[in-house]
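**Student:** Residue numbers (this note's numbering), protein chains in the order written: chain A, 66 to 310; chain B, 196 to 403; chain C, 401 to 454; chain D, 55 to 300.
Hints are supplied without guarantee of correctness; some may be wrong.
To be verified - Under the rule of at most 25 Å between Cα atoms (straight-line distance), these lysine to aspartate or glutamate pairs were calculated in the DMTMM-like manner:
{"no.": "1", "chain 1": "D", "residue 1": "Lys235", "chain 2": "B", "residue 2": "Glu281"}
{"no.": "2", "chain 1": "D", "residue 1": "Lys235", "chain 2": "A", "residue 2": "Asp217"}
{"no.": "3", "chain 1": "D", "residue 1": "Lys97", "chain 2": "B", "residue 2": "Glu292"}
{"no.": "4", "chain 1": "D", "residue 1": "Lys97", "chain 2": "B", "residue 2": "Glu256"}
{"no.": "5", "chain 1": "A", "residue 1": "Lys153", "chain 2": "B", "residue 2": "Glu212"}
{"no.": "6", "chain 1": "A", "residue 1": "Lys153", "chain 2": "A", "residue 2": "Asp113"}
{"no.": "7", "chain 1": "A", "residue 1": "Lys153", "chain 2": "B", "residue 2": "Glu253"}
{"no.": "8", "chain 1": "A", "residue 1": "Lys153", "chain 2": "D", "residue 2": "Glu300"}
{"no.": "9", "chain 1": "A", "residue 1": "Lys153", "chain 2": "B", "residue 2": "Glu254"}
{"no.": "10", "chain 1": "A", "residue 1": "Lys153", "chain 2": "B", "residue 2": "Asp267"}
{"no.": "11", "chain 1": "A", "residue 1": "Lys153", "chain 2": "B", "residue 2": "Glu256"}
{"no.": "12", "chain 1": "D", "residue 1": "Lys235", "chain 2": "A", "residue 2": "Glu216"}
Claimed, not checked - Derived DEER-like restraints, expressed as beta-carbon distance ranges:
{"no.": "13", "chain 1": "D", "residue 1": "Ala76", "chain 2": "B", "residue 2": "Ala222", "range": "25 to 33 Å"}
{"no.": "14", "chain 1": "B", "residue 1": "Leu325", "chain 2": "D", "residue 2": "Ala76", "range": "26 to 34 Å"}
{"no.": "15", "chain 1": "A", "residue 1": "Ala96", "chain 2": "C", "residue 2": "Arg437", "range": "18 to 26 Å"}
{"no.": "16", "chain 1": "B", "residue 1": "Glu256", "chain 2": "D", "residue 2": "Lys235", "range": "31 to 39 Å"}
Said to hold, decoys possible - Below, a sample of chain C positions facing chain A; criterion: calculated Cβ distance under 7 Å:
{"no.": "17", "residue": "Met407"}
{"no.": "18", "residue": "Tyr410"}
{"no.": "19", "residue": "Phe413"}
{"no.": "20", "residue": "Val414"}
{"no.": "21", "residue": "Pro416"}
{"no.": "22", "residue": "Tyr418"}
{"no.": "23", "residue": "Ile420"}
{"no.": "24", "residue": "Thr421"}
{"no.": "25", "residue": "Val424"}
{"no.": "26", "residue": "Ala426"}
{"no.": "27", "residue": "Asn428"}
{"no.": "28", "residue": "Ile430"}
{"no.": "29", "residue": "Leu435"}
{"no.": "30", "residue": "Leu436"}
{"no.": "31", "residue": "Ala443"}
Because the hints were derived from the structure by calculation, they are not lab data. All values reported here derive from a predicted model rather than from experimental measurement. The beta-carbon is built from N, C-alpha and C at its ideal position, and this holds for glycine as well.
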Amino acid sequence: MNFTWFHRLGSPPYVYALAERLTPWFAWSAALLILAGLYGGLVLAPPDYQQGDGFRIIYVHAPSAWMSLMVYTSMALAAAVGLIWRIKVAHAAAAACAPVGASFTVAALVTGSLWGQPMWGTYWQWDPRLTSELVLLFLYLGYMGLRAGIEDTQRADRASAVLAVVGIINVPVIHYSVTWWNSLHQAPTVMRLAKSAMPPSMLVPLLMMLLGFTLFFGAVLLVRLRAEILTRERTSQWIREALGA
Amino acid sequence: MSTGSLEVENLHLWRGERHVLRGVGFALAAGECLKVTGVNGAGKTSLLRTLAGLMYPEEGEVRWCGRNVRSDLRGFQGGLAYLGHEPPLKADLTARENLHYWIRNRRQLSEPLLTQALIRVGAEPFAERLVRTLSAGQRRRVALAGLALCLVPLWLLDEPATNLDAEGQRLVGSLIAEQLARGGLAVAAVHHELPLAGGAVRLLELAP
Amino acid sequence: MMEFLDMGGYAAFVWPAYAITFAVIAANIIWARRLLRQAQASARRRLAARGEQP
Amino acid sequence: MSAGSAPSVLGLPASLETPAAAVSAWAAARLALQRDLTLAFRKPAQLLQPLAFFALVTMLFPLAISPELSQLRLVAPGAIWAAALLASLLALEFLFRDDAQDGTLEQYALSGQSLTTLLFAKTTAHWLLTGLPLACMAPIAALSLGAPAPALGAITAAVVLGSVTLSLVGSIGAGLTLNIKRSSALLSLLTLPLSLPVLIFGARATQVAIAGGPVLAPLELLAALAVLGVTLAPLAAAAAVRISLE
Chain A
66 MNFTWFHRLG SPPYVYALAE RLTPWFAWSA ALLILAGLYG GLVLAPPDYQ
116 QGDGFRIIYV HAPSAWMSLM VYTSMALAAA VGLIWRIKVA HAAAAACAPV
166 GASFTVAALV TGSLWGQPMW GTYWQWDPRL TSELVLLFLY LGYMGLRAGI
216 EDTQRADRAS AVLAVVGIIN VPVIHYSVTW WNSLHQAPTV MRLAKSAMPP
266 SMLVPLLMML LGFTLFFGAV LLVRLRAEIL TRERTSQWIR EALGA
Chain B
196 MSTGSLEVEN LHLWRGERHV LRGVGFALAA GECLKVTGVN GAGKTSLLRT
246 LAGLMYPEEG EVRWCGRNVR SDLRGFQGGL AYLGHEPPLK ADLTARENLH
296 YWIRNRRQLS EPLLTQALIR VGAEPFAERL VRTLSAGQRR RVALAGLALC
346 LVPLWLLDEP ATNLDAEGQR LVGSLIAEQL ARGGLAVAAV HHELPLAGGA
396 VRLLELAP
Chain C
401 MMEFLDMGGY AAFVWPAYAI TFAVIAANII WARRLLRQAQ ASARRRLAAR
451 GEQP
Chain D
55 MSAGSAPSVL GLPASLETPA AAVSAWAAAR LALQRDLTLA FRKPAQLLQP
105 LAFFALVTML FPLAISPELS QLRLVAPGAI WAAALLASLL ALEFLFRDDA
155 QDGTLEQYAL SGQSLTTLLF AKTTAHWLLT GLPLACMAPI AALSLGAPAP
205 ALGAITAAVV LGSVTLSLVG SIGAGLTLNI KRSSALLSLL TLPLSLPVLI
255 FGARATQVAI AGGPVLAPLE LLAALAVLGV TLAPLAAAAA VRISLE
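So that you can see chain A by itself, here it is in the shape it has in the complex (with noise of 0.2 Å):
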């Protein structure tokens, strides 16, 4: 087997510099797809047969709250290859990837609860999806508030990556404890349109959507991975040649 590949991500100045050179076509890629998302989303889908125009709220929900649990899966697994093989590359692209998912974590609670008044008749239900992602946000705060707590910059990756495996360990029972404790007391799902009954004009641009949310996480994380990589670098070098002045 050849992990040259694998060796060279672990290396800041050749990430540094294939971050610089990915970040345009991330960016651009995610622009065309959420705007013609959104195009088709916003125009060219159907209204929904019970919940009228209502339900294009799914377009910017869903792709919200799937960045939310994918940024920290992302996250997680960066923290447990920086701890296993101490690569600090992998700490560096954890620690970018916590603010990203935190913000996102917001937008999909408050397009929830946006949803959630017209269907629900109020603004907050103790539905299991927004209150796992309640949860969500607590554990990115956590996680963003023991990085903060420490100072050292070492130390904070380390700290923080075991925090992150944790997490990501309970993320699956915290989820199934929630739709547990939600069955006993019945409370509606509206927020689900089933899968099969969505004919392409709507699921397309839901697609869509999800992709280029996908890429745009992907394009903030290599800007932020940048700045962090810097951050954490001490030999000069190669910064010299990097910043190019």
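Given chain A, work out where chains B, C and D should sit, using these hints.
**Tutor:** Quick look at chains B, C and D alone, frame taken from chain A:
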């Protein structure tokens, strides 16, 4: 009698923005003591903690008997005794109880041997008193008894003579000498002169 | 056009939801770019402080 | 006393022993447990604090809601579990703090024993000193909130199982926040979201017990959480403590 050898190569340690250890290296054979000097903040404590495997250097390695200590960290740590700034004693236990819980965690220990160690460091008169009632120097003596009782090849001592009177400082010197005579090694960070009776002493000065 | 903006009577919920989400997206872009600029500036300062050509 | 004279005269062996005299992990864990119990009983007043806190929080509910037992019965599960969660959180701060300050944790990390085992022993001691007394208090609190006597057994069992997981999850948070100043708010922020499943299953078990229903399912889920905690939490706690000691 060879118990081990310690080789340290090109250690680099960063704490945040501070480059604490800049390429520290030395080799120490059985029966030798390394005296580490340097002004406050030069990284003496960091060096000892890195040697003990508590801190992880960015570069360089520590080898025990020719093998990187990271390959069997627990085995290596079982063979060293580390004495930090503060004696690792519980204020609400007596001196004797403290040694009981500290040392028996690592090795079998007979009660007479424990008593003899207490006598050796002059801590026998206050062995049954709670540590919170002891003076700083008395606590230090209890900690030294623990150190001697570990009976491990490598000692890492951070200012071992702090708070001790002249007689206590001689005691530290003779304990180290005994350790070297047993074929052990010692690394001691000191800023006072250490009255070391015999044994081969190497010096390492850390630049700030 | 008005019909589109009205969102079948759901305008008060649909448009804020979109606004919030795109505000988050914009904030992420600005925030990330500012972080990178700050990191580059402080890296330059560090290089200069070490007496090297930035 | 020069190096030449035989040190054995002074009582200490003249030669180093091989690690043949090493101590088994089990013995080391027992010693660590004993040490913590001994220390705790030297300061019994500190042991009572979480209990008093638990009793006090439970007392708040009748005062805040109504003395009517039929009404209290409805909020009893929530009250008991919220109080238990907060009480165990309060006690967590002391789990590693003293040991970190006086260097005991460092010696544990350097003892050549598995730090995971030693910390598990410490967490066990912590549970024996806080979780178990809490579980003993829980039926009294439940009675005062209008729970019927037949429900008390199940409630106690639920708190016993739940507090095990709370102590274990807490040990991770306590390890991570070891040398952060003013960390109590952060400790709650880290620990509480991870404790939610315990709260959910525990409160459900209590609710079912008060209603006289089949309580086995939530109890089994609590037990499953405890097993998961026992297997994984000590590993994470040891990693956390090692990082905090760096």
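**Student:** Just pull the numbers of the violated hints for me, sorted ascending.
**Tutor:** 4, 6, 26 and 28
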